[in-house]
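Student: Below, each chain spelled out in residue letters.
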Amino acid sequence: MSRGRLGGGLVAALLLLATPALASEPTALRAAELKDMVIQDCGSCHGMTMKGGLGLPLTRDRLAEIPAEALSAAILDGRPGTPMPPWRGMLNEAEADWIARYLKGETDVR
Amino acid sequence: MSARWTAILAAGLLAACSSAPRPTGDLGVIVERADGRLIVVESTTNTQLGRVSGLGDLSHASVVFSRDERFAYVFGRDGGLTKVDLLERRIAKRVVQSGNSIGGAISQDGRLVAVANYEPGGVKVFDADSLDLVADIPAVGADGERSKVVGLEDSTDNVFAFSLYDSGEIWVADLKDPKAPKLTKHTGIGKQPYDALISLDGRTYLAGLFGEDGIAMLDLWNPGQGVRRVLDHYGRGQEPLPVYKMPHLEGWAAVGNHAFLPAVGRHEVLVVDMDTWKEAGRIPVAGQPVFAMLRPDGRQLWVNFALPDNGKVQVFDVPTRKLLKTLEPGKAVLHMEFTPRGERVWMSARDSDKVVVYDTATLEKVAEMPATKPSGIFFTARAHRIGL
Numbered sequence: 002m003s004r005g006r007l008g009g010g011l012v013a014a015l016l017l018l019a020t021p022a023l024a025s026e027p028t029a030l031r032a033a034e035l036k037d038m039v040i041q042d043c044g045s046c047h048g049m050t051m052k053g054g055l056g057l058p059l060t061r062d063r064l065a066e067i068p069a070e071a072l073s074a075a076i077l078d079g080r081p082g083t084p085m086p087p088w089r090g091m092l093n094e095a096e097a098d099w100i101a102r103y104l105k106g107e108t109d110v111r
Numbered sequence: 112m113s114a115r116w117t118a119i120l121a122a123g124l125l126a127a128c129s130s131a132p133r134p135t136g137d138l139g140v141i142v143e144r145a146d147g148r149l150i151v152v153e154s155t156t157n158t159q160l161g162r163v164s165g166l167g168d169l170s171h172a173s174v175v176f177s178r179d180e181r182f183a184y185v186f187g188r189d190g191g192l193t194k195v196d197l198l199e200r201r202i203a204k205r206v207v208q209s210g211n212s213i214g215g216a217i218s219q220d221g222r223l224v225a226v227a228n229y230e231p232g233g234v235k236v237f238d239a240d241s242l243d244l245v246a247d248i249p250a251v252g253a254d255g256e257r258s259k260v261v262g263l264e265d266s267t268d269n270v271f272a273f274s275l276y277d278s279g280e281i282w283v284a285d286l287k288d289p290k291a292p293k294l295t296k297h298t299g300i301g302k303q304p305y306d307a308l309i310s311l312d313g314r315t316y317l318a319g320l321f322g323e324d325g326i327a328m329l330d331l332w333n334p335g336q337g338v339r340r341v342l343d344h345y346g347r348g349q350e351p352l353p354v355y356k357m358p359h360l361e362g363w364a365a366v367g368n369h370a371f372l373p374a375v376g377r378h379e380v381l382v383v384d385m386d387t388w389k390e391a392g393r394i395p396v397a398g399q400p401v402f403a404m405l406r407p408d409g410r411q412l413w414v415n416f417a418l419p420d421n422g423k424v425q426v427f428d429v430p431t432r433k434l435l436k437t438l439e440p441g442k443a444v445l446h447m448e449f450t451p452r453g454e455r456v457w458m459s460a461r462d463s464d465k466v467v468v469y470d471t472a473t474l475e476k477v478a479e480m481p482a483t484k485p486s487g488i489f490f491t492a493r494a495h496r497i498g499l
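One line per chain: the protein sequences are X and E, in this order.
Following this note's numbering, the numbering of the first sequence begins with 2 at its first residue and continues without gaps.
Following this note's numbering, the numbering of the second sequence begins with 112 at its first residue and continues without gaps.
Just so you know, these hints were derived from the structure itself, not from any lab.
Where hints are given, some of them may not hold.
As the list claims (entries may be wrong) - List time: in silico DSS-like cross-link candidates among lysine-lysine, alpha-carbon distance up to 30 Å:
id	chain 1	residue 1	chain 2	residue 2
1	E	K436	X	K52
2	E	K296	X	K36
3	X	K52	E	K476
What the hints assert, rightly or not - Covered, in the sense of this in silico footprint (three residues per stretch, anywhere, with C-beta under 8 Å from a C-beta of chain E), are these stretches of chain X:
id	stretch
4	45 to 52
5	82 to 88
To be verified - DEER-style ranges, computed between Cβ atoms:
id	chain 1	residue 1	chain 2	residue 2	range
6	X	A71	E	R178	49 to 55 Å
7	E	P132	X	L30	48 to 54 Å
8	E	D428	X	E70	49 to 55 Å
9	E	T298	X	A71	33 to 39 Å
10	X	E34	E	R393	19 to 25 Å
11	E	A397	X	T50	40 to 46 Å
12	E	P430	X	D37	28 to 34 Å
Positions of the beta carbon are idealized from the N, C-alpha and C atoms, including for glycine.
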């Protein structure tokens with residue numbers, strides 16, 4: 002490993018420690034996993050096509066009015082009193098944010 | 112695809128074309144949920160016979176069988192109800208009967224297929240032959256709102272029981288005269304019933320509650336006694352863990368006077384004494400249980416799990432309640448189905464894109480087959496059991 006990359010890694014690690022909220026954008030590989038997770042695992046309550054089930058529909062149309070931050074907060078903290086579980090522990094903030102934007106159709110992967 | 116599988120598929124095709132009669136007692140289907148497709152399988156030699164596609168959104172799909180074990184009725188998430196001919200491996204009939212549905216059941220006499228709908232909330236009943244609508248039961252709760260319907264189960268005498276998720280009710284629909292369903296409504300049964308099961312004799316209906324620690328029980332032989340709460344406060348006030356996947360209550364797991372139920376948000380399977388309806392113990396398990404199923408003879412309990420433990424399956428010895436083995440059949444094990452007499456079990460490993468078959472005596476894998484994102488596995492022997 003080159004000195005430069007090691008240095009960069011360290012800086013990134015320190016940044017992560019200092020401000021977990023600024024965890025970096027998921028890599029392409031992770032993004033693909035997240036996409037799969039949305040379809041498969043979120044899909045068990047929201048439907049694989051996000052048209053809803055036990056959970057509310059998460060279609061682009063319906064989510065257009067809801068800010069991404071509100072969605073990622075719902076994802077991380079869940080909705081107490083409903084079956085929507087908190088995904089913190091399974092997802093970090095950047096990942097939840099990526100999913101929120103993905104659901105809204107704002108990421109290019111879809 | 113391996114040469115072996117090609118050969119087996121080819122053999123299957125040949126068998127389908129030849130004129131020799133094909134029995135159906137060892138047939139079954141595997142749901143390929145993402146592709147809206149079924150694989151028709153045969154469990155005597157662990158063989159895939161062919162595929163049937165065009166079934167819509169099959170996330171959470173479930174299947175019941177006609178009493179002659181020739182047709183599978185597939186309940187899709189998108190409200191599709193599809194009747195599949197297992198012998199000809201084609202769609203015999205298909206209707207899209209609602210916007211969003213969760214499952215269904217077939218009547219004791221095999222003439223009615225009922226579907227539980229989320230949107231619009233209610234139950235629709237179809238003629239099993241023609242799939243013509245015969246009864247429409249909107250689930251308008253005591254609160255005046257339409258509720259999602261869950262846990263639709265068939266009992267004897269063409270009676271169906273189901274639960275209203277939003278308003279917390281259990282309804283019993285007597286369809287002896289399908290054109291004039293007789294409804295009995297039990298209200299205030301508890302918060303958010305999420306799924307239900309019925310005993311093999313069609314007598315005891317149990318609805319799991321999500322919003323409360325406990326289970327709602329209705330004795331269909333004595334409906335006048337109303338709904339009783341059993342296993343109240345089994346969480347003993349402890350905060351449940353986040354539930355990443357709702358447990359399933361499909362399939363009555365009871366032997367002797369003990370029933371086994373997956374706990375919600377806890378790493379436990381609950382044991383209930385069915386004489387007193389009191390807790391008779393708990394079995395600690397490796398994660399949050401999704402299915403807790405008994406081998407047909409009742410001697411082994413098989414449990415699979417929600418995220419993050421969904422790569423494991425645990426097998427317990429029922430008489431001693433001891434763990435026999437923790438298996439790792441593949442990634443994201445969604446469903447398990449025993450062969451009719453229980454010598455083998457088939458399990459779908461969604462994220463490994465395969466179905467694996469284990470011998471239940473040796474607990475070793477005996478076969479494996481490719482499947483695209485497999486979820487439910489259903490064998491035709493279900494046709495002859497109440498409440499499956």
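Student: Kindly confirm whether 48 to 54 Å is satisfied by the beta carbon distance between P132 (chain E) and L30 (chain X).
Tutor: About 51 Å separates the Cβ atoms of P132 (chain E) and L30 (chain X), which means 48 to 54 Å holds.
Student: Do P430 (chain E) and D37 (chain X) keep their Cβ atoms within the hinted range of 28 to 34 Å?
Tutor: Because 41 Å falls outside the window, the suggested range is violated.
Student: Could you tell me whether the CB distance from T298 (chain E) to A71 (chain X) stays inside 33 to 39 Å?
Tutor: holds, 34 Å
Student: Using the Cβ atoms, figure out if D428 (chain E) sits within 49 to 55 Å of E70 (chain X).
Tutor: Between D428 (chain E) and E70 (chain X), where Cβ atoms are some 51 Å apart, the hint holds.
Student: When you check the alpha-carbon spacing of K52 (chain X) and K476 (chain E), does it fall within 30 Å?
Tutor: violated, 37 Å
Student: Is the listed coverage of the stretch 82 to 88 of chain X by chain E valid when you require three or more residues with a beta carbon under 8 Å from a beta carbon of that chain?
Tutor: holds (count 5)
Student: Under the criterion that the straight-line Cα-Cα distance not exceed 30 Å, is the pair K436 (chain E), K52 (chain X) satisfied?
Tutor: violated, 39 Å
Student: Look at the Cβ atoms of A71 (chain X) and R178 (chain E) and judge whether their distance stays inside 49 to 55 Å.
Tutor: holds, 51 Å
Student: Run the distance test for K296 (chain E) versus K36 (chain X): straight-line Cα separation, threshold 30 Å.
Tutor: Not OK: K296 (chain E) and K36 (chain X) at ~42 Å, beyond 30 Å, violated.
Student: For A397 (chain E) and T50 (chain X), compare the CB-CB distance with the range 40 to 46 Å and indicate the outcome.
Tutor: Given range 40 to 46 Å: violated, Cβ gap about 32 Å.
Student: For E34 (chain X) and R393 (chain E), compare the CB-CB distance with the range 19 to 25 Å and indicate the outcome.
Tutor: With a Cβ separation near 34 Å, E34 (chain X) and R393 (chain E) fall outside 19 to 25 Å, so the hint is violated.
Student: Test coverage of the stretch 45 to 52 of chain X by chain E using CB-CB distances below 8 Å; three residues minimum.
Tutor: holds (count 6)
Against the hints set out earlier in the document, violations occur for numbers 1, 2, 3, 10, 11 and 12.
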